[in-house]
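Following the hints, complete the assembly by docking chain B onto the known chain A.
Chains as they are written, first to last, in the numbering used here: chain A, 1 to 115; chain B, 1 to 111.
The set of hints was computed from the structure by calculation and includes no laboratory data. The model shown is predicted, which means the values in this text are computed figures rather than measured ones. Fair warning: there could be bad hints in the mix.
[Claimed, not checked] Label-pair distances were calculated between CB atoms; the ranges are:
| # | chain 1 | residue 1 | chain 2 | residue 2 | range |
| --- | --- | --- | --- | --- | --- |
| 1 | B | His38 | A | Leu84 | 46 to 56 angstroms |
| 2 | B | Leu49 | A | Gly3 | 18 to 28 angstroms |
| 3 | A | Asn62 | B | Pro79 | 38 to 48 angstroms |
| 4 | A | Leu84 | B | Gln66 | 42 to 52 angstroms |
| 5 | B | Gln9 | A | Gly71 | 37 to 47 angstroms |
| 6 | B | Lys55 | A | Leu84 | 21 to 31 angstroms |
| 7 | A | Gly40 | B | His38 | 13 to 23 angstroms |
| 8 | B | Thr12 | A | Glu57 | 38 to 48 angstroms |
We put the beta carbon where it would ideally sit given N, CA and C, even for glycine.
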Amino acid sequence: EAGVTQFPSHSVIEKGQTVTLRCDPISGHDNLYWYRRVMGKEIKFLLHFVKESKQDESGMPNNRFLAERTGGTYSTLKVQPAELEDSGVYFCASSPGVAPGGTQYFGPGTRLTVL
Amino acid sequence: KNEVEQSPQNLTAQEGEFITINCSYSVGISALHWLQQHPGGGIVSLFMLSSGKKKHGRLIATINIQEKHSSLHITASHPRDSAVYICAVSSSSGSARQLTFGSGTQLTVLP
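Only chain A is shown next, with the shape it has when bound in the complex (with noise of 0.2 angstroms):
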């Protein structure tokens, strides 16, 4: 079984620029979350699709951010236009089923580079 994967691996962008990460989840995965690690922080929470829906977007830092799941299969997270805090990891997670606190299983990352 295919893991969770993101793409592209590395970003560098300048200033201004857009940005689109994707985010291919496991197979048959409703809940697809969106995390980031900003340099010597720990892991934030950034958004949490179920299937096509936002089920929780209090994570997102501001209205440059725009996360999409169309179809309720991958996703995109847009950046538009990146600012240099924006930099950082940005991982995707996915999991299955209903309940709260299950095993989410995480994507290598994508590591932005706002110049």
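Same frame as chain A, now just chain B:
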């Protein structure tokens, strides 16, 4: 103050040593997770526990719900155990399923 606190932040050990990493949390939880991240690698879930103790190979995780504390132990440590170990919790409030993370413990095991 973070809702999940880990200690130590950095730990260097000699091969074969017994290692303990601690995690304290301040919120009600439905489960506590121990995760591992190797340099340049993704995050792997080691344990998910809500009570008692779990063991997998040389790794043991314990949790004390009353004291809101968990420990991850590594017996007979090996250089390949070198990684960042992260404690994370799932809240017990509402339908929250996202994880709240500690800052991680960088473990280096020397040969």
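Taking the numbered hints from earlier one at a time, note which ones the structure violates and give those numbers from smallest to largest. The structure conflicts with hints 1, 6, although it agrees with all the remaining ones.
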